[in-house]
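Each chain sits in its own coordinate frame; assemble them with the hints.
One-letter residues, chain by chain:
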Amino acid sequence: MACESWQAKLDTYLDGELPSEQMRAYDAHVRNCLSCSSAALALVQRKRSVHDAGKRFAPSAEFRQRMQRSIAGRPRRSRGFAWMLAAVAVLVFAVAGLSAIRLGREQARTAQVYGEVADLHVATLASSSPVDVVSSDRHTVKPWFQGKIPFAFDLPELQNSRFSLLGGRMTYLEQAPGAHLIYQIRKHEISVLIFQESSLHGRLGENASPGRKLSFNLETWSQGGLRYFVIGDASSSDIETLARLFKTTQT
Amino acid sequence: MSGAVPPSHFEDLAMPLFDSLYNFAHWLTQNREEAEDLVQETYAKALKGFASFRLGTNFRAWMFRILRNTFLTSRTGLKATATVPLEPEEGGPELAVESTTPETILMDRLSQESVRGALDQLPVNFREILLLCEVEEMSYQEIAETLSIPIGTVMSRLSRARKALGEQLRPQVQGR
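First to last, the protein sequences are chains A and B. Going by our numbering, 108 is the number at position 108 of the first sequence; the sequence numbering is gapless. Every number in our numbering is 251 more than the matching position in the second sequence, counting from 1.
Isolated chain B (complex conformation) (with noise of 0.2 Å):
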């Protein structure tokens, strides 16, 4: 299955993840017009694209990919990623989880604020990662496709993103 897919096929395609890619996009701009915007760059160039599209291709990584890029090279996109640190990602050990510390254990009786509110603290690269992983359920596959990245960076960085999270969360379980 590599052939051409007919571009009447684009809007049952692209529709159904209308939803997702404006929440990701909200969350990457966190600006509600912006993320207008960059929906809607994002399905004008999927649609220019679309005849280059070969069927077999994961469509959903092909799209989120699209608005990842086009989010890059936005304004805030550019200034957003300007803040990213500089950590090695790839060839290192993979990080042990802390997965008995009192935040991830009482993680699930955090109201969704403080949780929302330490996703918009992480940087970008660690707050899309996790959106990806969780929000979206996408395979370390899929999200290397979209990151553009090799799936050990995939696990890296996944792995760093949450230990993030678990600080950005920490002040607030420490003062339960």
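If we strip away everything but chain A, and leave its shape as in the complex, we get (with noise of 0.2 Å):
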């Protein structure tokens, strides 16, 4: 075989990729062919010389530690990402437990207020004059609370309605004045109450929905700064339908 032949496979063979009988002729013909191995001398020095020279970058300590805590911090985040679950769950139930008691006196606020305006509710009806002005005209019964309550507040219409407008007296809650109005449907008194939300302080919601109370129907809502308080012992519908005709007469 001329040096032309093994030459062309020179870099195949210092690449140890010959097949083993082919590498151990090509080591025997280096051995005795002085051009051959010249040749294989001068690739050797260029495989040298590039393998130096490719190895020139190194990263940096930062990359490498940030690299390892990537991949093997894995158990070690994972232990602090237990700690931090732990930790959440403990600011979670704190919170939780914070919000419920919060919650708890809230509800017990309110349903303090509840019980008062039921209370007012069955002690008015109770009494031998459960009004102070007798009458079913809301022009005179209006009227009447000028100068007793810091506030004024509008009738509705009874008129095409089922119900009728009894009296009205002057009452208190949480220590604050306020319009208490009987009224009546088919022999039951309604109640309806009205307070400023600020003297209430904020104690219930925009439109808290108590439902049923100490056995009575109750509807509550906040409008134009005050507080309106329907209950009593009429369907749930006639207090809502009594509500109703509050709310549109103070729009």
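Treat the hints with caution; some may be incorrect.
Stated by the list, open to error - Pairs of lysine-lysine, BS3-like flavour, derived with a Cα cap of 25 Å:
(1) 330/B x 414/B
(2) 142/A x 247/A
(3) 414/B x 55/A
(4) 247/A x 148/A
(5) 9/A x 414/B
(6) 330/B x 296/B
As the list claims (entries may be wrong) - Coverage of chain B stretches by chain A, computed from C-beta distances (three or more under 8 Å per stretch; other residues unrestricted):
(7) 287 to 299
(8) 315 to 329
Note that these hints are calculated values from the structure, not bench results. Ideal placement from N, C-alpha and C gives every residue a C-beta, glycine not left out.
Following this line, the structure appears as structure tokens:
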């Protein structure tokens, strides 16, 4: 075989990629061929130069640490994550506990207000004189409150409705003065109590829905800075209807 | 040996390759920050896909392939490969080595900077195959797996890359 044929495979030989039998044959040839051994030496030197020159860039220590943390740090991170979860859980429980306490207190205060409203309704109806102003005329009842309570309100027109106004009286809730109106529908008395919202210190929501309290149906809402309570043993639909009359009157 | 490798072994297998992968990435991107991003993305992808890695597969070639594929889809990679000369590589005769040219003989006397400068000037497909062969000392089979090309293409591309490197160094040799 001519040297040209050998040298055509010189790279493959020096890369160690020739089949083992050809490698042995090449070894034998190079030892006895000056031209091929010189060529092999030159290529080995080139490989070494590229090898050395190619090892050029080294990662920074900071980057190495960052990578190690991202891979090896997984168990540690998961441990840290567990601690974080535990801390979050404690925080959630603490917040939930505080919220529950706060919510419990709010609910207790709300229930207290509703209880007092129910008491006013019951006590008034049980009184020998439930109303101080006896009139079915809203234009008589409304002016009666002037100068007695620190706010004004409108009474709904009851014509074409099944409700009738029996009269009104002054009342107090949370030591704040308010108006207590008594309406009737089919032998059922319904109390409408009106107070300044500010006097209740925002203890009730904008449209608190207490539902059924102490066997009474109750509607309450806030409108125009006033807090309205409509309570009675009439059906919930009657209570809602009367409440709606008040709401439309105030707008 | 073809079973799945426990995920906890990833660090043991991957971290010894860190320096080599970073060096290769820096050669490809020619930018430190991009190289770090590339290596970081490579490890993230490898870690994510480690469940599919099977014993008996060449882990080093697998990691280098992920890195290279990630590079090729990066902006720098797309730009670099857009300038690669389209030369037939498959089926052609193996190129004769110009082993007796002055540049190959004198290359060992060239400074590292000269060789590095010449490598920098090479198209990325030549640069990468020379690095995998000469620096990483990969076998043709490993290179084929890394570059996803047949072994015949590895041999012909390697031969062209060596010739191109010699041509880059020729002016410096002649200037001596």
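To see whether the hints hold, each was checked on the structure:
A C-alpha spacing of about 23 Å is found between residue 330/B and residue 414/B, which places the hinted pair at or below 25 Å, so the restraint holds. Restraint check for residue 142/A and residue 247/A: satisfied, since their Cα atoms lie roughly 16 Å apart, inside the 25 Å limit. Proposed proximity of residue 414/B and residue 55/A is supported: the alpha carbons are some 20 Å apart, at most 25 Å. About 23 Å separates the Cα atoms of residue 247/A and residue 148/A, which keeps this hinted pair within 25 Å; it holds.
Annotation: proposed proximity of residue 9/A to residue 414/B holds, straight-line Cα distance about 14 Å (limit 25 Å). Between residue 330/B and residue 296/B the CA atoms are separated by roughly 22 Å; this keeps the pair inside 25 Å, and the hint holds. Coverage of the segment 287 to 299 of chain B by chain A holds [criterion: at least 3 residues with CB-CB distance below 8 Å; count 6]. Interface restraint, the segment 315 to 329 of chain B with chain A: violated (0 residues with C-beta to C-beta distance below 8 Å; minimum three).
Going down the numbered hints, you'll see the structure goes against just number 8.
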